[in-house]
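Just so you know, the protein sequences line up as chains A and B, in that order. Going by the numbering used here, the first sequence opens with residue 44, and the numbers climb by one from there. Going by the numbering used here, the second sequence opens with residue 321, and the numbers climb by one from there.
The set of hints was computed from the structure by calculation and includes no laboratory data. For glycine and all other residues, C-beta sits at the position ideal for the given N, C-alpha and C. A hint or two may mislead.
Restraint ranges, calculated between C-beta atoms of paired labels, are given here [said to hold, decoys possible]: (1) Val69(A) / Asp335(B): 14 to 24 Å; (2) Ser110(A) / Trp352(B): 21 to 31 Å; (3) Leu338(B) / Ile145(A): 23 to 33 Å; (4) Gly336(B) / Trp72(A): 37 to 47 Å; (5) Trp352(B) / Val105(A): 43 to 53 Å; (6) Val151(A) / Pro387(B): 34 to 44 Å.
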Amino acid sequence: MANPHIDIYRSPLGRARGAGAAKHGVGEWLAARIEAVALVPLTIWFIFSVIHLSGASHAQVVAWMQSPWTMALMIALVGTMFHHLQLGLQNVIEDYIHDDHIKWASLVANKAVCVLLALACIVSVLKIGL
Amino acid sequence: MRDVRDALMVARNTDGKLVNRPLSPHLQIYRWPISMALSILHRATGIALGVGTLLLTWWLVAAATSPQAFDAAQGFIGSPIGLLLLFGWSVALIFHFFSGIRHLAWDLGYGFEAPHYDNSGKAVLIATAVAVVLVWAVGLSVW
Numbered sequence: 044m045a046n047p048h049i050d051i052y053r054s055p056l057g058r059a060r061g062a063g064a065a066k067h068g069v070g071e072w073l074a075a076r077i078e079a080v081a082l083v084p085l086t087i088w089f090i091f092s093v094i095h096l097s098g099a100s101h102a103q104v105v106a107w108m109q110s111p112w113t114m115a116l117m118i119a120l121v122g123t124m125f126h127h128l129q130l131g132l133q134n135v136i137e138d139y140i141h142d143d144h145i146k147w148a149s150l151v152a153n154k155a156v157c158v159l160l161a162l163a164c165i166v167s168v169l170k171i172g173l
Numbered sequence: 321m322r323d324v325r326d327a328l329m330v331a332r333n334t335d336g337k338l339v340n341r342p343l344s345p346h347l348q349i350y351r352w353p354i355s356m357a358l359s360i361l362h363r364a365t366g367i368a369l370g371v372g373t374l375l376l377t378w379w380l381v382a383a384a385t386s387p388q389a390f391d392a393a394q395g396f397i398g399s400p401i402g403l404l405l406l407f408g409w410s411v412a413l414i415f416h417f418f419s420g421i422r423h424l425a426w427d428l429g430y431g432f433e434a435p436h437y438d439n440s441g442k443a444v445l446i447a448t449a450v451a452v453v454l455v456w457a458v459g460l461s462v463w
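If we strip away everything but chain A, and leave its shape as in the complex, we get:
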């Protein structure tokens, strides 16, 4: 490590306080947990559905999706899953990417891709089922 030196004019306490929270971390932390709880039953339902649909034809999948409950559960699963994924990947990016420009670009790209994939899934579910 380089020779220790100080070239900013703030007190140690002021510097420590400057490193504080951006005030919305608790909400995201809580959202990830609540989504995890919601994903427990949704994942179990999804695994049973995948087994039920293994080797299914297009017509069988369309017939399966036309139940309102199937559509509701699929949309709930996809929405919850992609938001949970976005928050999880955001944690990974924040932990391991230290260059500010790359970090912010990654965070925005992460959000954009997750939202786009979620929308593609939801639109597909609606198009098949309706």
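Since the structure of chain A is provided, determine the placement of chain B on it from the hints.
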């Protein structure tokens, strides 16, 4: 010191000289207890599941597009490479599922004693193995 994150890393010693504070040993110094391995595995499986969502998205979009597109997606998933991906994805999903429940228990304040988190870690691994075998046994028998 240029960054606020360095604020706690530089201090003065008793002579009033500026010094870097000592760092604690990093990851490669420690042996790998099960809790450490499962912790990083939870992240790794989370990222793998993120990649797996591409497969789910492709499958849904294909089903919404046309029977031909759906057959292509379904054909890929049923191919040897597709089945291998599906198997890896199922392991990642089921591990992340049980490991996530373990994390939720910690968030509620349970299971922090060393014997508890050692045992819960082993339980996650056993539950994952059993559930993967069960899911594939049922899945392949139906298919």
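Verification of the hints:
| no. | hint | result |
| --- | --- | --- |
| 1 | Val69(A) / Asp335(B): 14 to 24 Å | violated (42 Å) |
| 2 | Ser110(A) / Trp352(B): 21 to 31 Å | violated (47 Å) |
| 3 | Leu338(B) / Ile145(A): 23 to 33 Å | holds (31 Å) |
| 4 | Gly336(B) / Trp72(A): 37 to 47 Å | holds (41 Å) |
| 5 | Trp352(B) / Val105(A): 43 to 53 Å | holds (48 Å) |
| 6 | Val151(A) / Pro387(B): 34 to 44 Å | holds (37 Å) |
Taken one by one, the earlier hints fail for this structure at numbers 1, 2, listed in ascending order.
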